[in-house]
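Undergrad: Just need the whole structure built from these sequences, with the hints factored in.
2 protein chains.
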Amino acid sequence: MSHTANVTAEEAVHGLSAAQRRFLEGLLPEGDRLFSAEETLVFGTDASRKCGTPLAVVRPTTEAQVVELLRWADAERLPVYPRARATNVVGGCVPQRPGIVLSTLRMARIIDIDEHDFVAVVQPGVITADLQRAVEARGLFYPPDPASQNISSIGGNVATCAGGMRAVRYGVTRDYVLGLRAVLPGGEVLATGSRCHKNVVGLDLVRLLVGSEGTLGCLTEVTLKLLPLPEATASLLAGFSDLGAAMDAVRNVFAAGILPVALEFMGPEVLDCAALLNDVPWPKTVRAALLFRLDGSRAALPLEVDRLAAAVRDAAPVWSAVGVGRDEEEPLWTIRRSINPASFLVKPDKMSDDVTVPRGRLREALEGIRAIAEARSLTILTFGHVGDGNIHVNIMHDASVTEEREHALAAKGEVTDLILSLGGTLSGEHGVGLTKAPYVHRQLSKLERGLMAQVKAAFDPHGIMNPGKAY
Amino acid sequence: MSHTANVTAEEAVHGLSAAQRRFLEGLLPEGDRLFSAEETLVFGTDASRKCGTPLAVVRPTTEAQVVELLRWADAERLPVYPRARATNVVGGCVPQRPGIVLSTLRMARIIDIDEHDFVAVVQPGVITADLQRAVEARGLFYPPDPASQNISSIGGNVATCAGGMRAVRYGVTRDYVLGLRAVLPGGEVLATGSRCHKNVVGLDLVRLLVGSEGTLGCLTEVTLKLLPLPEATASLLAGFSDLGAAMDAVRNVFAAGILPVALEFMGPEVLDCAALLNDVPWPKTVRAALLFRLDGSRAALPLEVDRLAAAVRDAAPVWSAVGVGRDEEEPLWTIRRSINPASFLVKPDKMSDDVTVPRGRLREALEGIRAIAEARSLTILTFGHVGDGNIHVNIMHDASVTEEREHALAAKGEVTDLILSLGGTLSGEHGVGLTKAPYVHRQLSKLERGLMAQVKAAFDPHGIMNPGKAY
Chain A
36 MSHTANVTAE EAVHGLSAAQ RRFLEGLLPE GDRLFSAEET LVFGTDASRK CGTPLAVVRP
96 TTEAQVVELL RWADAERLPV YPRARATNVV GGCVPQRPGI VLSTLRMARI IDIDEHDFVA
156 VVQPGVITAD LQRAVEARGL FYPPDPASQN ISSIGGNVAT CAGGMRAVRY GVTRDYVLGL
216 RAVLPGGEVL ATGSRCHKNV VGLDLVRLLV GSEGTLGCLT EVTLKLLPLP EATASLLAGF
276 SDLGAAMDAV RNVFAAGILP VALEFMGPEV LDCAALLNDV PWPKTVRAAL LFRLDGSRAA
336 LPLEVDRLAA AVRDAAPVWS AVGVGRDEEE PLWTIRRSIN PASFLVKPDK MSDDVTVPRG
396 RLREALEGIR AIAEARSLTI LTFGHVGDGN IHVNIMHDAS VTEEREHALA AKGEVTDLIL
456 SLGGTLSGEH GVGLTKAPYV HRQLSKLERG LMAQVKAAFD PHGIMNPGKA Y
Chain B
36 MSHTANVTAE EAVHGLSAAQ RRFLEGLLPE GDRLFSAEET LVFGTDASRK CGTPLAVVRP
96 TTEAQVVELL RWADAERLPV YPRARATNVV GGCVPQRPGI VLSTLRMARI IDIDEHDFVA
156 VVQPGVITAD LQRAVEARGL FYPPDPASQN ISSIGGNVAT CAGGMRAVRY GVTRDYVLGL
216 RAVLPGGEVL ATGSRCHKNV VGLDLVRLLV GSEGTLGCLT EVTLKLLPLP EATASLLAGF
276 SDLGAAMDAV RNVFAAGILP VALEFMGPEV LDCAALLNDV PWPKTVRAAL LFRLDGSRAA
336 LPLEVDRLAA AVRDAAPVWS AVGVGRDEEE PLWTIRRSIN PASFLVKPDK MSDDVTVPRG
396 RLREALEGIR AIAEARSLTI LTFGHVGDGN IHVNIMHDAS VTEEREHALA AKGEVTDLIL
456 SLGGTLSGEH GVGLTKAPYV HRQLSKLERG LMAQVKAAFD PHGIMNPGKA Y
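Heads up: the sequence lines are chains A and B, in that order.
Numbers given in the working numbering equal positions in the first sequence, counted from 1, plus 35.
Numbers given in the working numbering equal positions in the second sequence, counted from 1, plus 35.
These aren't lab readings, by the way, just hints derived from the structure by calculation.
Each hint should be verified, as a subset may be incorrect.
One copy or two, it doesn't matter: identical chains are merged, so the pair holds either way.
Said to hold, decoys possible - Within a straight-line C-alpha distance of at most 35 Å, the following computed DSBU-like cross-link-like pairs (lysine-lysine) qualify:
#: 1; residue 1: 491; residue 2: 382
#: 2; residue 1: 481; residue 2: 382
#: 3; residue 1: 491; residue 2: 319
#: 4; residue 1: 382; residue 2: 319
#: 5; residue 1: 319; residue 2: 481
#: 6; residue 1: 319; residue 2: 260
#: 7; residue 1: 382; residue 2: 260
#: 8; residue 1: 491; residue 2: 260
#: 9; residue 1: 481; residue 2: 491
Computed from a prediction, not measured in an experiment: that's the story for all the values here.
TA: Structure follows, in structure tokens:
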């Protein structure tokens, strides 16, 4: 683990004052506030494997406790770092300066699922997949499905505007947040938005908080839009002899007027990597693969699958397989899901990015990334949500080998420059956090960053919310 | 027309100073700046029929001219009122204080339509329907379809976050704005967002500008997301003996997992009103109607229509008709489109609202509005986008009769209170403008309004952009 927090020796030694510690002891019962390094250490990191040292960890169970905490922390000018399951891969949950980590895991109740209003009201600590199962049991559908959905929380999904496989057709977390409650520094409770599916009264504070990476306030409740649950789903996995053929297939599908639920891409390095963990069903000539999902009614779906297959066929796949319904689809998706665990068989460390380019620039982006990998003698795994132009770039390396680490870091900068030169963005769904913060000025103008800083100051005048992150 | 602008006699007489007039004459060629009351009067009103008096009207053709104008106006502390086609029904375009009206109608170029990136780049004055036709000719689809689409502009659509019939399935304007350029007071050009379909770097300035009703800056370019064009559409119009049966049908359709493209409702007063202009095909027993649209592939669509019809049938409609393809569908939609012209056969004036309630509270809202109408001896036409909970409420009256006008105004307040008591919102798609501004404090908290004011101050420190509107 790399240690990035700028904790001075003095601060680290002093920690909280006796009065500060007494405040937290008065606010929360034992077990819900942690002070010892043994207990707090794990709350100083996230899936980025960056690490900071919390002065204390608190686990409020009520909004009233969050109010008291943020009133006090603001007066004390103490940074507050909200977190739930910390699946964030960019260091968004890492305490960059000494401060209080606020875990929302004890605020994890599904408050309401309403099949008439088509909304769910949840606390931030609710696990995304738990919510999905709960609403599906009632014939409802919450589409955002980040790859971390089985372990990530709604609070984190909202804070990062999480995407997922189904974003091509159904959009991202932003598109499902109708209302929210957030405690602001100073302790005021912002209740904004509603249970209405449309609402255009005033500036859009709801979407301003979505994706704000915990820099404006601490979410305590989220109202989410639900859809009717489609009756059936089907998937098609197709293998091509090269990238060009796969990109032709993508083009054919859209040109046929088909908007798939999901459209995932796996490059040659990824296919080799997946073959390390799985018995892959395709021939060795497959050097690029596309994985589609469709949904619809049981009656109509087979016809839609036929149309999709015909559009793909025009790009001459060397292999393909169709699965109708969850049981048949699951094996096709297992390979996609194994990429992350399989990647560590290639190298022990990865630098993970989720760059996004305009959809038409995908081929250039993928070819450019491969050229960077070759020039630096690195394996770079590229896969992801090709329907959105959103590519997961995993620069594999061994961080204990100085030269490899340096090459990987240089490659990350080169990939960033390549993506920006194609009109792309640093992040499609992970956010900026700590790891992309050094690159943000390459994408955002001084004017944009100035406006963002002023907006932040309106919510958080003393800069206590998740400082050092995002923008 | 009612005159709402707070122009003092002194200001109205003085108008622009000689130096101010000289500046505008230097900035723009003759014909692109108007000063005489005869020429400017029409730019002081919009579809709300509210009216103010512009000091001058300017019609820039380039962003550079907008930059110069906003630099100067900010220094002069002169209000600026952006407008395009002024189809706004809430007075959003009306100069509430003496200032400069900035017409974007000479910035009306479709700059780019890209079938690989699936984006369109347009200037603010482009007519929505013109863009739709242009992209459809290339097999692409821009879903937002406000009722005004044949005469309204993309700039206005973005400024109000316009909705439309297709919002049930495809969302609203917000969901299609990927990037934009806007000139801020002082003349800085904010270029934010991109051509990427996903982007989560920094606070969401793009969506902050969407729906901001011209209060933050002047749009000069918008990058919109496009979808593949569905192959075919079909519509179903169903008549029911009462509101309850129609609401049952809505419930059945969603419960069957069907998410229609459009789901429009027409109440009994609206059906009577439509019958004044059209030979309606249904029997007199029809007192509520639903109009659905579906889309999909030519092969699968008939099966989807069958499923929809079956779900509707369970609610015992007394009459129904199906149209497959544009030619067959058109007659079904003519009736819906005739509501606005037909309404003026009932009474010469209307107070028009677009309140929205949580989807499950629709029946209560519609019944409550009818009770208000009866108690006040008024005809209130209710129709709209029932799939979103978005109801158009038209309080018909004769404004020249004092008592009727007063009853109508009282009814508007009562409808507002009813909607808010059901957890609803003042506006689903029109915005606040001038006409709803007196009611905003009933919906937005002091904290929300305070934050909005601070955000506005970051963009527009001297408050010159469309003052007196929205929040």
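Undergrad: Look at each hint and say if it fits the structure.
TA: Each hint, compared with the structure:
1. 491 with 382: neither (39 Å within a copy, 49 Å between copies)
2. 481 with 382: neither (38 Å within a copy, 54 Å between copies)
3. 491 with 319: Neither. Shortest intra-copy (52 Å) and inter-copy (59 Å) distances fail the 35 Å Cα cut-off.
4. 382 with 319: The answer is within: 22 Å in one copy meets 35 Å, while 75 Å across copies does not.
5. 319 with 481: neither (49 Å within a copy, 64 Å between copies)
6. 319 with 260: Cα proximity of residue 319 and residue 260: none, with 44 Å in one copy and 37 Å across.
7. 382 with 260: Answer is neither: 41 Å inside a copy and 38 Å across each miss the 35 Å cutoff.
8. 491 with 260: For residue 491 and residue 260, both the intra-copy (26 Å) and inter-copy (28 Å) Cα distances are at most 35 Å.
9. 481 with 491: Both: 15 Å inside a chain and 18 Å across chains, each within 35 Å.
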